[in-house]
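J.: Below are the chains, spelled out letter by letter.
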Amino acid sequence: MNAIMTQCKFEMIRIFRNPYFVFWTLFMPILFYFIFTNIVNTGVPDQGEWQAYYLMSMTTFSVMGSAIMNFGIRMVQEQTEGWSTFMKLTPFPSWAYFTAKMFGQLTMHLLSIIIVFIAGFLINGVSLTIDQWLFSGLWILIASIPFLAIGSLIGTMKKVETAGGVSNIIYLALASLGGMWMPIRIFPDFLQKVAEWLPSYHFASGAWEIILGNVPDWRSFLILIGYLIVFMLLATYIRGKQEN
Amino acid sequence: MGNVVQLEHVSKKFGKTTAVKDVSFIIEKGSTVAILGPNGAGKTTTISMMLGLLEPSDGMVKVFDTNPKEITVRNRIGAMLQETSVIDMLKVREIMEMFRSYYTSPLSMEELTSLTGFNADELKRRASKLSGGQRRRLGFALALAGDPDLIFFDEPTVGLDITARRNFWEKVATLKLQGKTVIFTTHYLQEADDFSERIILFNNGEIVADGNPDEIKHNIATRSVSFQTNDKEVFALLQSFDQVIRCYEKDGRIFVVTNDTDAVLTEIFRNKVDAKNISIENGRLEEVFENLTAERKETI
Numbered sequence: 001m002n003a004i005m006t007q008c009k010f011e012m013i014r015i016f017r018n019p020y021f022v023f024w025t026l027f028m029p030i031l032f033y034f035i036f037t038n039i040v041n042t043g044v045p046d047q048g049e050w051q052a053y054y055l056m057s058m059t060t061f062s063v064m065g066s067a068i069m070n071f072g073i074r075m076v077q078e079q080t081e082g083w084s085t086f087m088k089l090t091p092f093p094s095w096a097y098f099t100a101k102m103f104g105q106l107t108m109h110l111l112s113i114i115i116v117f118i119a120g121f122l123i124n125g126v127s128l129t130i131d132q133w134l135f136s137g138l139w140i141l142i143a144s145i146p147f148l149a150i151g152s153l154i155g156t157m158k159k160v161e162t163a164g165g166v167s168n169i170i171y172l173a174l175a176s177l178g179g180m181w182m183p184i185r186i187f188p189d190f191l192q193k194v195a196e197w198l199p200s201y202h203f204a205s206g207a208w209e210i211i212l213g214n215v216p217d218w219r220s221f222l223i224l225i226g227y228l229i230v231f232m233l234l235a236t237y238i239r240g241k242q243e244n
Numbered sequence: 001m002g003n004v005v006q007l008e009h010v011s012k013k014f015g016k017t018t019a020v021k022d023v024s025f026i027i028e029k030g031s032t033v034a035i036l037g038p039n040g041a042g043k044t045t046t047i048s049m050m051l052g053l054l055e056p057s058d059g060m061v062k063v064f065d066t067n068p069k070e071i072t073v074r075n076r077i078g079a080m081l082q083e084t085s086v087i088d089m090l091k092v093r094e095i096m097e098m099f100r101s102y103y104t105s106p107l108s109m110e111e112l113t114s115l116t117g118f119n120a121d122e123l124k125r126r127a128s129k130l131s132g133g134q135r136r137r138l139g140f141a142l143a144l145a146g147d148p149d150l151i152f153f154d155e156p157t158v159g160l161d162i163t164a165r166r167n168f169w170e171k172v173a174t175l176k177l178q179g180k181t182v183i184f185t186t187h188y189l190q191e192a193d194d195f196s197e198r199i200i201l202f203n204n205g206e207i208v209a210d211g212n213p214d215e216i217k218h219n220i221a222t223r224s225v226s227f228q229t230n231d232k233e234v235f236a237l238l239q240s241f242d243q244v245i246r247c248y249e250k251d252g253r254i255f256v257v258t259n260d261t262d263a264v265l266t267e268i269f270r271n272k273v274d275a276k277n278i279s280i281e282n283g284r285l286e287e288v289f290e291n292l293t294a295e296r297k298e299t300i
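The listed protein sequences derive, respectively, from chains E and C. The first sequence lines up with residues 1 to 244 when you count with full-length UniProt numbering. The second sequence lines up with residues 1 to 300 when you count with full-length UniProt numbering.
None of these hints come from the bench; they were simulated from the model. Each residue gets a CB set at the ideal place from its N, CA and C atoms; glycine is no exception. It cannot be assumed that every hint is accurate.
Quick look at which bits of chain C chain E covers, simulated, 3 or more residues with Cβ under 8 Å [stated by the list, open to error]:
1. 74-81
2. 85-95
3. 101-109
Derived DEER-like restraints, expressed as beta-carbon distance ranges [what the hints assert, rightly or not]:
4. F103/E <-> N3/C: 34 to 42 Å
5. E8/C <-> F221/E: 53 to 61 Å
6. V215/E <-> D65/C: 55 to 63 Å
7. N119/C <-> M182/E: 52 to 60 Å
Construct all of the structure, not just a fragment, from the sequences and the given hints.
T.: Dropping the structure here:
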């Protein structure tokens with residue numbers, strides 16, 4: 001247990017020292033948030049609601065980025081540089097290592113949520129009830145787990161370059177098609193249909209519902225859990241195959 | 001039981017190529033063993049099987065009388081592998097601290113730093129920014145973090161300069177004094193000779209010799225005369241010849257190991273030994289050692 005805690009701590013230090021993490025998961029979402037709520041005139045009738053809505057979009061965008069990009073690429077890196085092999089020689093079991101990584105990553109998600117929320121509060125004075133802050137944050141934290149599963153699937157790739165490229169494409173595609181950058185109601189019909197099957201849309205949608213005072217749609221739960229199971233099974237299967 | 005490592009008829013195949021062929025040996029507690037052989041002889045494959053990183057295709061590997069993959073084994077071994085990779089974004093001190101947390105009774109941070117000679121400045125540096133030699137020292141520290149009873153070094157001195165090499169072997173000598181078992185691979189005959197009590201010599205995936213360095217060197221220069229015979233009593237007679245080092249039978253042929261094949265042939269004919277299909281072989285050891293010594297010269 002002690003070893004897991006130590007490992008968690010160092011995982012977090014590693015994530016924080018990674019310049020890509022700071023850039024993609026903190027700087028970019030906050031910059032986007034500032035631009036689309038202050039500089040670009042979106043012409044929405046209820047400015048306050050838009051500011052809260054877009055804060056949720058950018059928080060989910062931030063957390064999804066760290067889950068897909070950071071988690072997966074780091075796994076590939078550790079594999080290719082022989083670090084994973086070296087870890088196998090220690091009495092620290094690989095499940096514990098993986099658990100510590102997950103925990104470290106989730107703690108970073110929580111930190112990102114808090115930081116982006118604070119940014120929203122400072123930039124636009126977004127005001128929500130305590131419950132709304134709490135539940136939307138909690139939703140984003142828990143619903144980020146399926147994206148960690150995507151990350152671990154990317155983590156089975158052989159080369160850091162491929163993993164980097166693929167995760168970038170997946171990340172940006174999921175973010176734009178899932179309506180994190182702009183609401184899907186302005187999408188053409190066909191794209192709206194696509195969005196409703198994407199995990200990213202449901203990830204953000206849950207948070208949007210919460211700040212409107214609703215409960216996330218049951219379809220959001222189902223689809224996110226579905227994706228989680230599929231990606232976990234796939235990642236476990238591929239990993240098992242690689243080890244034989 | 002004094003057996004730290006035990007291999008029985010171990011083979012390892014990668015696809016169609018056989019990297020290690022029917023290897024058996026036992027390593028006792030407190031010994032320092034060199035696994036010597038030219039590049040591609042199967043040394044690293046053998047070490048990887050002892051470390052539980054590779055599964056043998058055939059045969060059995062035991063470390064501390066159990067499967068090397070067991071956590072109890074992991075807790076008692078340390079290893080420095082050829083490719084010294086470093087975890088990124090962490091400082092030297094942090095990595096050492098992280099590794100210590102994995103073991104039940106690790107070395108203290110003070111012992112570890114003094115053993116590897118990192119100064120305060122180096123400890124604060126990111127591991128990815130270390131020089132090759134410093135990385136090797138970090139690798140050494142990580143191998144010792146858990147205060148292991150058995151330590152593996154895979155080609156520990158490749159790429160080190162003479163001072164660093166000497167420092168390394170001095171450290172190994174202190175480990176030996178503490179009663180630790182040390183297994184290292186090398187393709188330098190000189191290193192194996194100077195720093196081990198026992199050499200296991202590999203060539204083409206097989207053990208071609210196993211013994212203390214003096215024995216091995218004595219055996220190197222050997223050639224042999226082999227023949228077929230129906231005479232059951234021939235061994236006693238052959239062994240009475242002065243020049244004969246030893247005799248053995250293999251695949252229906254009698255092998256007479258000697259340094260002077262001409263003299264042995266003369267004796268065979270003079271004593272009218274019943275010998276058919278006589279042939280003369282150069283010992284495999286000799287070839288292997290030629291490779292080894294040649295390589296050493298190149299590197300100097």
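J.: For every hint, state whether the structure bears it out.
T.: Status of each hint after checking the structure:
1. With 6 residues having a Cβ less than 8 Å from any Cβ of chain E, the region 74-81 of chain C passes the three-residue criterion, so the hint holds.
2. Only when three residues or more bring their CB closer than 8 Å to a CB of chain E does the claim for the region 85-95 of chain C stand; here the count is 7, and the claim holds.
3. With 4 residues carrying a beta carbon less than 8 Å from a beta carbon of chain E, the region 101-109 of chain C meets the three-residue requirement, and the given coverage holds.
4. A hinted range of 34 to 42 Å for the beta carbons of F103/E and N3/C is consistent with their spacing of about 40 Å.
5. Hint check: E8/C to F221/E, Cβ distance near 55 Å, so the stated range 53 to 61 Å holds.
6. V215/E and D65/C have their C-beta atoms about 59 Å apart, which keeps the hinted 55 to 63 Å range intact.
7. Against the hinted window of 52 to 60 Å, the Cβ-Cβ separation of N119/C and M182/E comes to about 55 Å, which satisfies the hint.
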